[in-house]
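Protein chains in written order, with numbering that gives the first Met the number 0: chain A, 0 to 422; chain B, 0 to 100; chain C, 0 to 171.
Treat the hints loosely; a few may be bogus.
[As the list claims (entries may be wrong)] List of simulated lysine to any residue pairs, SDA-like, C-alpha gap at most 20 Å:
#, chain 1, residue 1, chain 2, residue 2
1, A, Lys344, C, Ala154
2, A, Lys18, C, Cys98
3, A, Lys39, A, Lys18
4, C, Lys128, A, Val175
5, A, Lys344, C, Lys128
[Claimed, not checked] Only some residues are given here: those of chain C computed to face chain A with a beta carbon under 10 Å:
#, residue
6, Ala44
7, Leu61
8, Val68
9, Leu70
10, Leu72
11, Arg92
12, Gln130
13, Glu134
14, Ile136
15, Ile139
16, Leu142
Hint data in this document are derived by calculation from the structure and do not stem from the laboratory. Remember, it's a predicted structure, so these values are computed and weren't measured experimentally. Beta carbons: idealized from backbone N, C-alpha and C, even for Gly.
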Amino acid sequence: MGAIADFLGGPDVVIAIVKVVVAFAALLVATLLTIWFERKVIADMQARIGPNRWGPFGVLQTVADGIKLFFKEDVRPRYADRWTYGLAPVMAAVPSFLAFAVIPFGDHVTVGGERVDFIVSDLNIGVLFFLAAGSIGVYGVVLAGWASGSKYPLLGGIRSSAQLISYEIALGLSLVPIVLVTNSLSTVDIVAAQAGSVGNVDLFDGTFLQGVSELFEVIPNWYIWSQWPAFLLFMIAGIAETNRAPFDLPEAETELIAGFHTEYSGIRFALFFLGEYIHVVVISAMAVTLFFGGWNGPIVDEFLPWIWPVGWFLVKTIAFVYLFIWLRATLPRLRYDRLMWLGWKRLIPASLLWIMVTAVVNVNPEGVDEQTLRSIRLAVFGALFLLVLFVVAKGDPRLKQVVTPERPRSRRAQKQGVKSGSS
Amino acid sequence: MPVAYFLVLSALLFSIGVYGVLARQHAVLVLLSVELMLNAANINLVAFSAMLGEAGVPGQVFALFVIAVAAAEVGVGLAIVILIYRNRRSVDIDEMSLMKW
Amino acid sequence: MADTYLQVIFWAFFALMAIAGIRVVTTRNVIHAALYLVATLLGAASMYVLLYAEFVAWVQVLVYVGAVVVLMLFGLMLTRAPIGSANFDNNQRLVGAVCAGLLFAVTSFIMVGAFEGQEIDFTGTEGTKVQSIGEAIFSIYVLPFEIVSVLLLAALVGAVVISRRDEGRVDS
Numbered sequence: 000m001g002a003i004a005d006f007l008g009g010p011d012v013v014i015a016i017v018k019v020v021v022a023f024a025a026l027l028v029a030t031l032l033t034i035w036f037e038r039k040v041i042a043d044m045q046a047r048i049g050p051n052r053w054g055p056f057g058v059l060q061t062v063a064d065g066i067k068l069f070f071k072e073d074v075r076p077r078y079a080d081r082w083t084y085g086l087a088p089v090m091a092a093v094p095s096f097l098a099f100a101v102i103p104f105g106d107h108v109t110v111g112g113e114r115v116d117f118i119v120s121d122l123n124i125g126v127l128f129f130l131a132a133g134s135i136g137v138y139g140v141v142l143a144g145w146a147s148g149s150k151y152p153l154l155g156g157i158r159s160s161a162q163l164i165s166y167e168i169a170l171g172l173s174l175v176p177i178v179l180v181t182n183s184l185s186t187v188d189i190v191a192a193q194a195g196s197v198g199n200v201d202l203f204d205g206t207f208l209q210g211v212s213e214l215f216e217v218i219p220n221w222y223i224w225s226q227w228p229a230f231l232l233f234m235i236a237g238i239a240e241t242n243r244a245p246f247d248l249p250e251a252e253t254e255l256i257a258g259f260h261t262e263y264s265g266i267r268f269a270l271f272f273l274g275e276y277i278h279v280v281v282i283s284a285m286a287v288t289l290f291f292g293g294w295n296g297p298i299v300d301e302f303l304p305w306i307w308p309v310g311w312f313l314v315k316t317i318a319f320v321y322l323f324i325w326l327r328a329t330l331p332r333l334r335y336d337r338l339m340w341l342g343w344k345r346l347i348p349a350s351l352l353w354i355m356v357t358a359v360v361n362v363n364p365e366g367v368d369e370q371t372l373r374s375i376r377l378a379v380f381g382a383l384f385l386l387v388l389f390v391v392a393k394g395d396p397r398l399k400q401v402v403t404p405e406r407p408r409s410r411r412a413q414k415q416g417v418k419s420g421s422s
Numbered sequence: 000m001p002v003a004y005f006l007v008l009s010a011l012l013f014s015i016g017v018y019g020v021l022a023r024q025h026a027v028l029v030l031l032s033v034e035l036m037l038n039a040a041n042i043n044l045v046a047f048s049a050m051l052g053e054a055g056v057p058g059q060v061f062a063l064f065v066i067a068v069a070a071a072e073v074g075v076g077l078a079i080v081i082l083i084y085r086n087r088r089s090v091d092i093d094e095m096s097l098m099k100w
Numbered sequence: 000m001a002d003t004y005l006q007v008i009f010w011a012f013f014a015l016m017a018i019a020g021i022r023v024v025t026t027r028n029v030i031h032a033a034l035y036l037v038a039t040l041l042g043a044a045s046m047y048v049l050l051y052a053e054f055v056a057w058v059q060v061l062v063y064v065g066a067v068v069v070l071m072l073f074g075l076m077l078t079r080a081p082i083g084s085a086n087f088d089n090n091q092r093l094v095g096a097v098c099a100g101l102l103f104a105v106t107s108f109i110m111v112g113a114f115e116g117q118e119i120d121f122t123g124t125e126g127t128k129v130q131s132i133g134e135a136i137f138s139i140y141v142l143p144f145e146i147v148s149v150l151l152l153a154a155l156v157g158a159v160v161i162s163r164r165d166e167g168r169v170d171s
């Protein structure tokens, strides 16, 4: 008998099934609302009206679109690989749902003597699960690109698999400092570590600036204060992982006529977009969980105490979804070489550096008095921070030049070039 | 649950991998077969780790090492395959019997 | 009763892994072979979860499924080598099958004989803690760990050196 067997035989299995169904339905509704929200916000930013026919403020527009896509003819190209072509959209949509399983979207509630936590599954390796689910998501794009049997999808597939693999590394590394600080891979522990306020910082105790010290009692104890570089890295890599602007190269309409999903139509096409929008919601929710205190909020009232954390979580998540949409409306698409340059030469070194800084700041050797330790930490922290700023600000001079495409040389010219180069 | 179940599974996967290495011509397919064999070893390690309980942690540690080594092996192996393809327009490993050509 | 559940789960995944594994070495399409390998690897990850090695299971999914096989697919698409419908088997199929069959028979016979009656006891285990794995890696096995990291670095540099074209020399 193990925990798995106990689980399958016990009452927990009912709770688990209910949680899964509720989370699944909530994500579907969230997708519908996110798409509507995106269209409305972008329309507003471009001084248009946006969807306004179906339902109040056009809320039901996405439902109408979904029904339309569902009843459309499902076209399969002649040279498509039948088996893989059908599998790819599913592989694109499912991992996004999976990743939501480890996100705590509220505190707990007691139903009939059973404690029900507002998380689908509190794995003790939750952060790792989140990364693993994200890494499976690459398959949808790669397989769709290859299975379509057409050249633009293939190019889009190759592009995006390179992009996703590159940014996955930065995404994973940006989470390591959080794990270091919390001493846990569980998302529930990470949220618990961010409860309460920063606390009494005795900087100005007993002086006339006491009010400043008291201010720290109000500031919530979120990781964003100490871990903001990790947050920036996480957000950049996260946006790249969702294939959204300014990192939407896999589906660049102007270059690849929609990239990997060029050949898809009907419900399969809808599945790709379902996956993308759920991914947006999940990355937003993860950013809230890791850096903005998860469901912790300033007010928890006596009236329905369990609904307040859920509300705080939703408010923060919607703010991040808005950020995603805002970025899409504002930023142009990156050029491919700049994307790779940013991923490999900036994000990955920066995240490695930040891991080291976090490790140094959090180590506590014996035999060193507190004052020295603090100044050493401050010196290391400051030096590395300045280095990062310098490197980021400097950029790569080659990228600032205007690149004029050269005429491809003939083989003979290349050979001569090699000779003159080696001599 | 008898540990032998997991050992039989591991032996099966390993044998399939051996067949793949012997009978396949495509270099990438041979690499895939090698992955099967490495996984068979990993299943053994983790099964024994579970059998030993608290004393079995090293089994999982070495499973992690095997995964890391497999990643390195694939990186280099694939680079070699790409290079061979570029030089010979073929990935048939049965043709690669000469040091020079 | 509880053990029956585990048995059912085990044999279901056993069947899945066996079928997918055989398809890896018999299918006539390289991409399909890679996908069957993914199925086998996910089956192995499920086995690790069954054995309470959750950390290893998810590292397996993250590294193997998420990176190694994607890299393979990537390489296949880049090389434009024949992907489907060609005959990828050489004339050693019979020899290979006999060898593999004998190997399976001998190893499983020896293994089953040697470990008869040895049970995996799931009672009261909460699974291996990540902490104990970390402590083992960074105390007793710190040397292998460092060697593996150097190996990975060497592989990284080696892969870049091997696979890049000598374009830099043309420009200079």
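Verification of the supplied hints:
Using a Cα cut-off of 20 Å, the hinted pair Lys344 of chain A and Ala154 of chain C holds, with the two alpha carbons roughly 19 Å apart. Note on Lys18 of chain A and Cys98 of chain C: the hinted pairing is violated, with a Cα-Cα distance of about 50 Å set against a maximum of 20 Å. The suggested pairing of Lys39 of chain A with Lys18 of chain A is violated, with an alpha-carbon distance near 31 Å, which exceeds 20 Å. Taking the CA atoms of Lys128 of chain C and Val175 of chain A, the gap is near 18 Å; set against the 20 Å cutoff, the hint holds.
With a C-alpha separation of about 35 Å, the suggested pairing of Lys344 of chain A with Lys128 of chain C is violated against the 20 Å cut-off. Hint on Ala44 of chain C holds. Least Cβ distance to chain A is approximately 9 Å, under the 10 Å limit. About 4 Å separates the beta-carbon of Leu61 of chain C from the nearest beta-carbon of chain A, less than 10 Å, and the hint is met. Hint status for Val68 of chain C relative to chain A: holds, with the closest Cβ pair at about 9 Å, below 10 Å.
Given hint, Leu70 of chain C at the interface with chain A, holds; its Cβ is 7 Å from that chain's nearest Cβ, closer than 10 Å. Using the Cβ-Cβ criterion of 10 Å, the hint placing Leu72 of chain C at the interface with chain A is satisfied: the shortest such distance is roughly 5 Å. Taking 10 Å as the C-beta cut-off, the interface hint given for Arg92 of chain C is violated, the closest approach to chain A being about 24 Å. Because the smallest distance between the Cβ of Gln130 of chain C and any Cβ of chain A comes to about 9 Å, under 10 Å, the interface hint for this residue holds.
A hinted interface residue such as Glu134 of chain C counts as satisfied when its beta carbon comes closer than 10 Å to some beta carbon of chain A; here the least separation is about 13 Å, so the hint is violated. Interface restraint check: Ile136 of chain C against chain A, minimum CB-CB distance 15 Å, threshold 10 Å, status violated. The closest approach between the C-beta of Ile139 of chain C and any C-beta of chain A is roughly 21 Å, which is over the 10 Å cut-off, so the hint fails. The beta carbon of Leu142 of chain C is not positioned within 10 Å of any beta carbon in chain A (closest approach about 20 Å), and the interface hint is therefore violated.
Comparing the model with each numbered hint stated earlier shows that hints 2, 3, 5, 11, 13, 14, 15 and 16 do not hold.
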